[in-house]
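Peer 1: Sequence:
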Amino acid sequence: MADEESPGALFEGVVFTIIPSDDLDEDEKTEFTAALEGNGGRYVPLRASDQQIDELDNITHVISTTIDFPQYSLTVERSISIVKPSWVAQSARKGKQVSARQHSPDPSQYFHDVVVTCADIPEGDAEAITAGVMALGGQFSHPLTKLVTHVVTVSLEHPKCIAIKEKGHKCKVVLPHWFDDCFRLGKKINEKPSGAKKWISYAWEEEVS
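Numbering-wise, full-length UniProt numbering puts 149 at position 149 of the sequence shown, and it's gapless, one number per residue.
You may find that some hints are simply not true.
Mimicking DMTMM-like on lysine to aspartate or glutamate, the simulated pairs with C-alpha atoms at most 25 angstroms apart in a straight line are [as the list claims (entries may be wrong)]:
no.	residue 1	residue 2
1	K188	D27
2	K170	E157
3	K167	D180
4	K94	D23
5	K170	D180
Worth flagging that the hints you see were computed from the coordinates, not collected in a lab.
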C-alpha cells in the first residue's frame, strides 16, 4: 500500500479506480482523476462490459463513497485501500498521503476520524479501548499531539488534560464509558450529552451538574 509519503510525486505508486455513485458525479470524478494522475497516480477505468474493476490485482486504491459495489469483498481480501474522495483532497492539502483508514466509506468503521490517547486509566482499560478504536477504523497515539481528537481519562489533573487547557488543543476529553456506550450501541455517539456544561465531554459529575 502507498499510505506514506513517497520520495517522488505525491501519488506515485498509486493505481486506482473510481466507483460511480449518486454522491460522486462525473465532474467530481474527473477532478479527482486529474489530481491523482497529475501527481503520479495511474487510473484504471472500470470495464465497459460489466462496470467491474479491471486489473484488480494491480489496484492499490479504490475511490468510493460506498462499499456497495460487486467486488468489495475481493477488494478487502486483497487488502486494497478503499477510500472516500476526501482521502485525495486531504492528501493534496497536506502534501503527503494520509492514512487510508481515516477515510473509509464503511459505515461500520465509525471511529475512522478518531485518534485517541489515554491518560491515567488502568492499563487493561486502555488496551481494551485502544483495540476497539483501532478495530473500528480509528488510531491510537501515546503522546498528546495535534492529531489527537480524544483524550480518555478519569482525572483532569493529568498533564495531558492540563496541556489541553493551557495550549488550547482542539480535542475532546472523555470518560472511558463514552467508548463503552459507543461499542454497545454500535455507533459514535455525542460526546457531550444535552445538559452537559463546561468544555468537558461525557463528563465528570462535578463538571455537568
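Peer 1: Could you run down the list of hints and mark each one as holding or not?
Peer 2: Hint check:
1. As the CA atoms of K188 and D27 are separated by approximately 32 angstroms, the hinted pair breaks the 25 angstroms bound.
2. A hinted pair counts as satisfied when its Cα atoms are at most 25 angstroms apart, and K170 with E157 qualifies at roughly 18 angstroms.
3. With a C-alpha separation of about 28 angstroms, the suggested pairing of K167 with D180 is violated against the 25 angstroms cut-off.
4. With a C-alpha separation of about 24 angstroms, the suggested pairing of K94 with D23 holds against the 25 angstroms cut-off.
5. Our distance criterion of 25 angstroms between C-alpha atoms is met by K170 and D180, whose separation comes to about 23 angstroms.
Of the hints listed earlier, those the structure fails to meet are numbers 1, 3, in rising order.
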